[in-house]
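> The chain contents come next:
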Amino acid sequence: MSSHTVSKNMMILWLRKNMFSSWRSALLSLGSLWLAYLILVPILVFVVHDANWEVIVDNIHLFAVGSYPADQLWRVFLNVVLLMGLIGGTVATQTTMGIKSASLFMLFTACALWIVIGGNGSDREGMNAINHYFLIAGLGLYLLGYTTTKKKAFSRAKVFGIGWLLYILLSLILLSGFTGNSFLPKVTNHLWGGLLLTLLVTVVGIAASFPFGIALALGRKSELPVIKLFCIGFIETIRGVPLITLLFMGQVLIPLFLPPALVVSNLVRVMIAVTLFAAAYMAEYIRGGLQALPIGQNEAAQALGLNRVQTNFLIILPQAIRAVIPALVGECIALFKDTSLVAIVGLLDLTGAAKAAIGQPNFIGLEAEVFMTIALVYWIFSYLMSIYSQNLERQLGVGIR
Amino acid sequence: MGEMSPYEEKVIVCRNVHKWFGDFHALQGVNVEVAKGEVVVIIGPSGSGKSTFIRTLNRLEVHEEGEIIVHGTVLNDDLKNIETIRKEVGMVFQSFNLFPHLSIMDNITLAQIHVRKRPRKQAEKKAMELLERVGIPEQASKYPGQLSGGQQQRVAIARALAMEPEVLLFDEPTSALDPEMIKEVLDVMKELARTGITMLVVTHEMGFAREVANRVLFFDQGKIIEETTPDIFFTNPRHERSKDFLSKILGH
Ligand SMILES: Nc1ncnc2c1ncn2[C@@H]1O[C@H](COP(=O)(O)OP(=O)(O)O)[C@@H](O)[C@H]1O
Ligand SMILES: [Mg+2]
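Respectively, the protein sequence lines represent chains S and W. If you read the first sequence in the numbering used here, its first letter stands for residue -17, the second for the next number, and so on. If you read the second sequence in the numbering used here, its first letter stands for residue 46, the second for the next number, and so on.
Simulated from the structure, these hints should not be mistaken for laboratory data. All values reported here derive from a predicted model rather than from experimental measurement. C-beta atoms are modelled at their ideal positions from N, C-alpha and C, and glycine is treated no differently. It is possible that part of the hints are untrue.
Said to hold, decoys possible - Listed below are the simulated DSS-like cross-link pairs for lysine-lysine, each with C-alpha atoms no more than 30 Å apart in a straight line:
| id | chain 1 | residue 1 | chain 2 | residue 2 |
| --- | --- | --- | --- | --- |
| 1 | S | 132 | W | 171 |
| 2 | S | 140 | W | 187 |
| 3 | S | 134 | W | 171 |
Stated by the list, open to error - If you anchor each label on the Cβ, the simulated ranges turn out as follows:
| id | chain 1 | residue 1 | chain 2 | residue 2 | range |
| --- | --- | --- | --- | --- | --- |
| 4 | W | 109 | S | 139 | 40 to 46 Å |
| 5 | S | 144 | W | 209 | 31 to 37 Å |
| 6 | W | 110 | S | 309 | 43 to 49 Å |
Chain S on its own, in the form it takes in the complex (with noise of 0.2 Å):
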């Protein structure tokens, strides 16, 4: 027999075994089947045949970084660059991430990014050869940052809380930019947009809201009324109301906040609102985690004479975020597809770069292409955070009663 008919012979079996055992998973398979045909061919005749691509080609740059300025674009590529080598670090922190999945990871991931570099849609000559360098580049730097993590063991901690911390900082630096500097000139929080924007805002809304979340939960438990009251406070009402109130508020409340001198941009106040929001839903995840944890834990602590800011950060808040990983990376995700709603206050995000295309005079009626394009994209990154999530519980799992 050959290989071939084996393999053939094999298939049928499995199809009898999974799709065709019964009657009526016989007809349930059938059913199904149809149905993703009815669903399935329209959608592929419309990307392959029917669709006009040409609003996403023309509009790449657009998508990717908004109005980012094109002369400063190494800028954004130099920061994608240090983004894959530093995900490459936090893929190394997975010991349950085998080869396999992190080499998949790392493709995905580069395709992910490809797109913020401007795929190959960028028309300015000289400007392809070298986002073909970055992604080099960027590929290389994955690899430096996984096997450097892996060879000298740094923990998650060290890679979470100075690896990105570190990277966040510097990318804003190097985005922003300072005036006058004829290196690194200026570029207003105004021109950035696009992918670009969302990234950012759902990075360092997680960054932000991490810690706050934490100390809010911490702040509920507090046996100090004040302390306490206002984290009650503040954490119902945040949640009592939807995040775009809080975007429109953002834009009002914020200036009246601060001093006059220090005028803040657009894209500042919406990282406020934003990270106020996860902040309050972060920390209700947690205050779950805190409650869940037995009592003789806190006992021993101080049994052992950790003192009470020890306790909390050794042994208490380590067990308590483990115990709700899945709902607090689902925060992540929810916060990375609310980031949407930033159009709504006048920013040029992914979604309100995908509004701008379909307003331009010659794409009128192309909105089923950019907003699969844009849906795509989302559904990318949030299947990566996914992934990630589900091999940190896997990881976590590990020797936990």
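Given chain S, work out where chain W with the ligands should sit, using these hints.
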């Protein structure tokens, strides 16, 4: 108590200690002194205040009246004093209370590093010595969830010992264990008792009390109603309640 004692230095002094849980009077005037190196076994019916009493000694419970002095330090609201006392008093719990997110090694080194401020290397060396002593050096890199109950309790003892405490408190250390694991923990405790560390042990293990205790305290309704040597307590208890309790626990 003004009884004759071969020991000079008092490690624990309790005078007229009272404790209420709301309206419930859990400790009703406890008086006791424990000298350095003594092994004191605390027995009594369930709910008589044994746990509450030893938990007041390291401030896991707050006593409302009376005086507690541990190794010369008065136990009161002063955080400095509490800190000092907790360094001197180790505790082993019925439910082990190991930190499940930390390896066995980290469980034992954590407080050494953060409270005793020992360098990590030194703390790890100490931890390995103690794991040898309790008989499970090969478990150092595992997590608590991967160990049997008896092994976990031995780790808990090692964790307490790592702080080199003056006194060790045990609250029913073998009550949560399967019978076949009780012995391995009691053996470790007996070995400890012979090294001269001061121990207060709440337990129902009468064999342990007979073998190593210098003194037995019998608790009933928040008071010590009998305080004597194990020999006298087991052969000739004075109180009706003690006799009752002994017949119940030894009778069957
Ligand atoms: N946190 C608490 N709140 C209210 N009552 C308590 C608390 N802890 C213990 N008690 C009560 O105090 C009494 C003594 O408890 P405990 O010291 O645990 O007894 P023992 O250890 O001798 O079995 C019991 O009646 C118990 O119900
Ligand atoms: Mg008890």
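> Hint by hint, note whether the structure agrees.
We went through each hint and held it up to the structure:
Note on residue 132 of chain S and residue 171 of chain W: the hinted pairing holds, with a Cα-Cα distance of about 29 Å set against a maximum of 30 Å. For the suggested pair residue 140 of chain S and residue 187 of chain W, the alpha carbons sit about 22 Å apart, so the restraint of at most 30 Å is met. For a cut-off of 30 Å, the pair hint linking residue 134 of chain S to residue 171 of chain W stands: about 26 Å separates their Cα positions. Distance hint for residue 109 of chain W and residue 139 of chain S: a CB-CB separation of about 42 Å, consistent with the stated range 40 to 46 Å.
With their beta carbons about 34 Å apart, residue 144 of chain S and residue 209 of chain W fall inside the hinted range of 31 to 37 Å. With their beta carbons about 45 Å apart, residue 110 of chain W and residue 309 of chain S fall inside the hinted range of 43 to 49 Å.
In summary, this structure violates none of the numbered hints.
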